[in-house]
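> Read off the chains here:
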Amino acid sequence: MIRIEGRDKVTGRATYAAEYPVKRLAYCYPVQAEIAHGRVAGIDTTTALAMPGVLTVLSCMEPPELSPEADPELALFQRREVAYRGQFVAAVVADSYDNARAAAGAVRVAYEPASHDVRLRADHPGLYKPEKVNPDLPTDTEKGQVAAGLAAAEVTVEATYTTPATHNNPMEPHATVALWSGAGDLTLFDASQGVTYARNIVAQALGLRPERVRVVSRHVGGGFGSKGTPRPNAVLAALAARAAGRPVKVALTRHQMYDVTGYRTPTIQRIRLGADAEGRITALEHEVAEQSSTLVEFAEQTASPTRIMYATPSLRTAHRLVRLDVATPSWMRAPGECPGMFALESAMDELAVAAGLDPVELRVRNDPDAEPASGLPFSSRNLVACLREGARRFGWQDRDPAPGARRDGRRLVGTGVASSTYPARRLPSQASASIENGGYVVRIAAADIGTGARTALTRIAATALDVDPDLVRIELGDSDLPHASLAGGSMGTASWGTAVTLACQDLLRDGKHGFADTTEILRTLPNLARHAFGAQFAEVRVDADTGEVRISRMLGVFAAGHIVDATLARSQFIGGMIMGIGMALMEQTVTDLEFGGFTNRDLAQYHVPVNADIERIDAVWLDEEDDELNPMGAKGIGEIGIVGTAAAVANAVYHATGRRIRDLPITPAKLLL
Amino acid sequence: MKAFGYARAADPADAVARFRPGTMYLGGGTNLVDLMRLGVAEPEALVDVSRLPLSGIEPEGDGLRVGAAVRNSDLATHPLVRERYPMLARAVLAGASGQVRNMATVAGNLLQRTRCPYFQDVSKPCNKRRPGSGCPAIAGDHANLAVLGHSPACVATHPSDLAVALVALEARVHVTGPGGTRVVPMPGLHRLPGDEPQRDTVLEPGELVTAVTLPAPPPGASLYRKVRERASFAFALVSIAAVLDVAPGGTVAGCRIALGGVAHVPWRAERAERVLRGAPAGEEAFLRAAEAELEGAEPLPRNAYKVPLARNLIVRTLLELTP
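Here the protein sequences line up with chains Y and V, keeping their order.
Residues 1 to 673 in the numbering used here are what the first sequence lists, from first letter to last.
Residues 1 to 323 in the numbering used here are what the second sequence lists, from first letter to last.
Hints are computed from structural coordinates only; laboratory data are not their basis.
Just so you know, even glycine gets a beta-carbon here, dropped at the ideal spot from N, CA and C.
Treat the hints loosely; a few may be bogus.
[Unchecked claim] To give an idea of the interface, some chain Y residues facing chain V are shown, with a C-beta separation under 10 Å as derived from the structure:
1) Glu-34
2) Gly-38
3) Ser-96
4) Gln-505
5) Asp-506
6) Leu-508
7) Gly-582
8) Leu-585
9) Ala-604
10) Leu-671
[To be verified] Some chain V residues near chain Y, calculated using beta-carbon distances under 7 Å:
11) Phe-4
12) Arg-51
13) Thr-77
14) Gly-140
15) Asp-141
16) Val-227
17) Pro-308
18) Leu-309
[To be verified] Heads up, simulated SDA-like pairs for lysine to any residue below, C-alpha to C-alpha not over 20 Å straight-line:
19) Y:Lys-129 - Y:Glu-287
20) V:Lys-2 - Y:Pro-52
21) V:Lys-2 - V:Pro-53
22) Y:Lys-670 - V:Asp-34
23) Y:Lys-143 - Y:Phe-378
24) V:Lys-2 - Y:Glu-371
25) Y:Lys-143 - Y:Ala-122
26) V:Lys-2 - Y:Phe-378
27) Y:Lys-143 - Y:Glu-371
28) V:Lys-2 - Y:Asp-95
29) V:Lys-2 - Y:Asp-98
30) Y:Lys-670 - V:Glu-298
31) V:Lys-2 - Y:Arg-550
32) V:Lys-2 - Y:Lys-143
33) Y:Lys-512 - Y:Val-610
34) Y:Lys-143 - Y:Lys-512
35) Y:Lys-670 - V:Val-122
36) V:Lys-2 - Y:Ser-96
37) Y:Lys-23 - Y:Glu-158
38) V:Lys-2 - Y:Arg-108
39) V:Lys-2 - V:Gly-132
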């Protein structure tokens, strides 16, 4: 389907969080810590308060009232300790953005700096075993004896792979407009991936009952996880509006986004793989070191895909975390699977080379009958079919496995393959459906963060009602609507679609009104391993003189249940793959070891792919029947496209050059030295 | 952004007359306005010179006269530029994006500031921005900074593509200022950082670039090539502007090489040129020339890759230019 709100967006009529017309609006601009660790000794606001238009200054010297339950990243100005460079230590509220910004620059903050530690390393003495990893997975798993499996192996691979910190960089910067009513109810226009969840978190931070808070987020310009949980701008706007006694807007700059809206943790991953003479895996171990802040334990589930990918009698996965003087990492497209599969799928390529096996064939040979770590049966698993179909479409059979064998002028040509996977989960949601003015209105506090969720849900509702989609209107993005899960974890369409389908069925029974709540249904599901799978194929050209890598062809083949809408799905898959190309070749946020924080905090210095980087790219999918998912038979597709891309590119670079780059991104610098 | 005065100059003399300490000339604003937003530049007043009648491109003998306010996109697409100086057109088109090139002017491009991450972050020291405060880039994030001609005070690079081509073409920069008019040759406009990294060029306060003149195109074939990890809209890791004239006997009759992304200035590779003049055109001499030039390189721990990159780029580009 054509995107329902497409015309509104391209004509500028779609309203984003920062754009809501609000009377008597004031503006708030944060003051950020200029040390990575230490304490605020004092804050002099005299000059700032005397500046034009300034209404008030908030700071950690006079902590505003917040609930002790507030998430530490949202507990603004509650403590004078600085946990990371860029943390908000004060904020100015003024009658204009420029006045607020100018006065924020005049707030004098004195620090008692302490020594800081911002560098993740594999031998960091502070590494420890968290109790669990995200979202609620065991930290370690162990089956069989890895040492014995390796000893029995004919070929082994042992290698360390590293991925840098990366940032989500949605097009729309984070912003919040906060309004308090006379009765003390709070409305937030916020850039959010989930208004119900945002409402609950903000209410918790402010010590309010959730019903007193309303979060509105009708259009969101991308999130990729960075808007999955409320960021400090949401709480800051609420506090500033309360202090100023009028509505307040906080619109973060791109620089501030790099500091306070989350990022993907850097990872150091060690993989040990062994296989017998036929390439059957005898042992697989995946150990991960990653970071979090001193404020919050955020433990990315980086080794989790290794638990489900390949059959092996001995399998061990482990996560270790170190708490550094850094901002808290957060969600970024396919957290866990994305960095983890770079390591595993690079190692599988190394194993194929070591065993003299075709990398597609190696993966086919090790396709498991049940989920390797848990032993659970799969609801459906079509990785092999994706690999076979991709190989056919990509012309893989003609491939000469020898590295450095193909040339195009001065450019070395190589191809690589990697598998993709992402869990197919659901979270409880509610929806209502009713007949109004001769049409159908479906209400659900879902989020359309640019994915086309509004359009997909329209189609799902129309299917359930068996009516033309033109007769269906979806209302979403408002926490006053029936509660819904967030747009994250590739769960949106599956979670919301279930509630929408059931509400529509209820409407058909009732004739006037329908309602559904999926909480109970999700509690009683059969225990199965539910995952989408895919295979990615990349062809690269590496300039022999300069080390420049360009992707001349990229193909993704996915098996993700029933695809709800082909047009939207293709954008999701290709978008994920392009983001994966960015991860492979250019994206990295550089930690400033001397000062803390990051050095490249804008889009001129942090590079994401541009059109010129993408030549031929395609995504296709297999028809996959799976009755164990949801009424649509759909698995989520928002994230799987980025999973495996970087490994496919790295494997193609190896094939082109004979150089195995295990440290992302694959830059000319690494290929030249 | 700090409040500032704004005036539109009527002509170059008026612009110079309006100059006071704290005044800056505004061209396309694609760099200066960014720097003002970052707090790196805090001018008291801007004198807008973007609409001065300095936007012509005229033949001057066998050469060309380019007004200082000519937009980058107009320069790159002008028939005379494409005909006589295709390397220059390629260099301009390698820079920035279509939107930025539509705004950016010739003079502004030459006078743009480094994109060193520390220079652009006012919360950190930088000798170029705050003389004497130190250079954290030397121990820090210098992956895309200088390998040639840097100093203990500054390891910044000049980011322009256009300037690299102009150095190879030996352009002349026409300047008017409180002390009258003068002509500054390229190379010669930009200076090495030494112990005064705050000074990017030899221009004196109040001096205004009015035009750039190009002498007749040097004989031989020319090429501009830019290396970057992203295919577009990225500053050079290393770039090269090269002109090679090979005599019928196969020896190098003339050659010009300029490198971008390696130094505080668009770097004219004079040592390499000396090695090449009269040498037989071929891979062996080209490599010898490249190595002679890069003998003086002093890479930092995280930008050592630029040395083999510059070497390969010199050799490959000259090979491509060899008939």
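> All hints, please: hold or fail.
Verification of the hints:
1. Glu-34: Hint on Glu-34 (chain Y): holds, closest Cβ of chain V at ~5 Å, below 10 Å.
2. Gly-38: violated, 15 Å
3. Ser-96: violated, 12 Å
4. Gln-505: violated, 49 Å
5. Asp-506: violated, 51 Å
6. Leu-508: violated, 52 Å
7. Gly-582: With Cβ-Cβ at 9 Å, under 10 Å, it holds.
8. Leu-585: holds, 6 Å
9. Ala-604: holds, 7 Å
10. Leu-671: holds, 9 Å
11. Phe-4: violated, 12 Å
12. Arg-51: violated, 26 Å
13. Thr-77: Since chain Y brings no Cβ nearer than about 19 Å to Thr-77 (chain V), farther than 7 Å, the hint is violated.
14. Gly-140: Cβ of Gly-140 (chain V) sits 5 Å from chain Y, so the hint holds.
15. Asp-141: This hint holds: Asp-141 (chain V) lies near chain Y, its Cβ roughly 4 Å from the closest one there, short of 7 Å.
16. Val-227: holds, 4 Å
17. Pro-308: Status holds, d = 5 Å.
18. Leu-309: Hint on Leu-309 (chain V): holds, closest Cβ of chain Y at ~6 Å, below 7 Å.
19. Y:Lys-129 - Y:Glu-287: holds, 11 Å
20. V:Lys-2 - Y:Pro-52: holds, 13 Å
21. V:Lys-2 - V:Pro-53: Given pair Lys-2 (chain V), Pro-53 (chain V) is violated - Cα atoms ~29 Å apart, limit 20 Å.
22. Y:Lys-670 - V:Asp-34: violated, 31 Å
23. Y:Lys-143 - Y:Phe-378: Measuring from Cα to Cα gives roughly 18 Å; hence the hint holds.
24. V:Lys-2 - Y:Glu-371: This hinted pair is violated, its Cα atoms lying about 60 Å apart.
25. Y:Lys-143 - Y:Ala-122: violated, 24 Å
26. V:Lys-2 - Y:Phe-378: violated, 61 Å
27. Y:Lys-143 - Y:Glu-371: holds, 12 Å
28. V:Lys-2 - Y:Asp-95: holds, 17 Å
29. V:Lys-2 - Y:Asp-98: holds, 9 Å
30. Y:Lys-670 - V:Glu-298: holds, 19 Å
31. V:Lys-2 - Y:Arg-550: At roughly 42 Å apart (the allowed maximum being 20 Å), Arg-550 (chain Y) and Lys-2 (chain V) break the hint.
32. V:Lys-2 - Y:Lys-143: At roughly 63 Å apart (the allowed maximum being 20 Å), Lys-143 (chain Y) and Lys-2 (chain V) break the hint.
33. Y:Lys-512 - Y:Val-610: violated, 49 Å
34. Y:Lys-143 - Y:Lys-512: violated, 54 Å
35. Y:Lys-670 - V:Val-122: violated, 30 Å
36. V:Lys-2 - Y:Ser-96: Distance ~14 Å between Lys-2 (chain V) and Ser-96 (chain Y) Cα, so the pair holds.
37. Y:Lys-23 - Y:Glu-158: violated, 62 Å
38. V:Lys-2 - Y:Arg-108: holds, 17 Å
39. V:Lys-2 - V:Gly-132: Answer violated: Lys-2 (chain V) to Gly-132 (chain V) is near 24 Å, above 20 Å.
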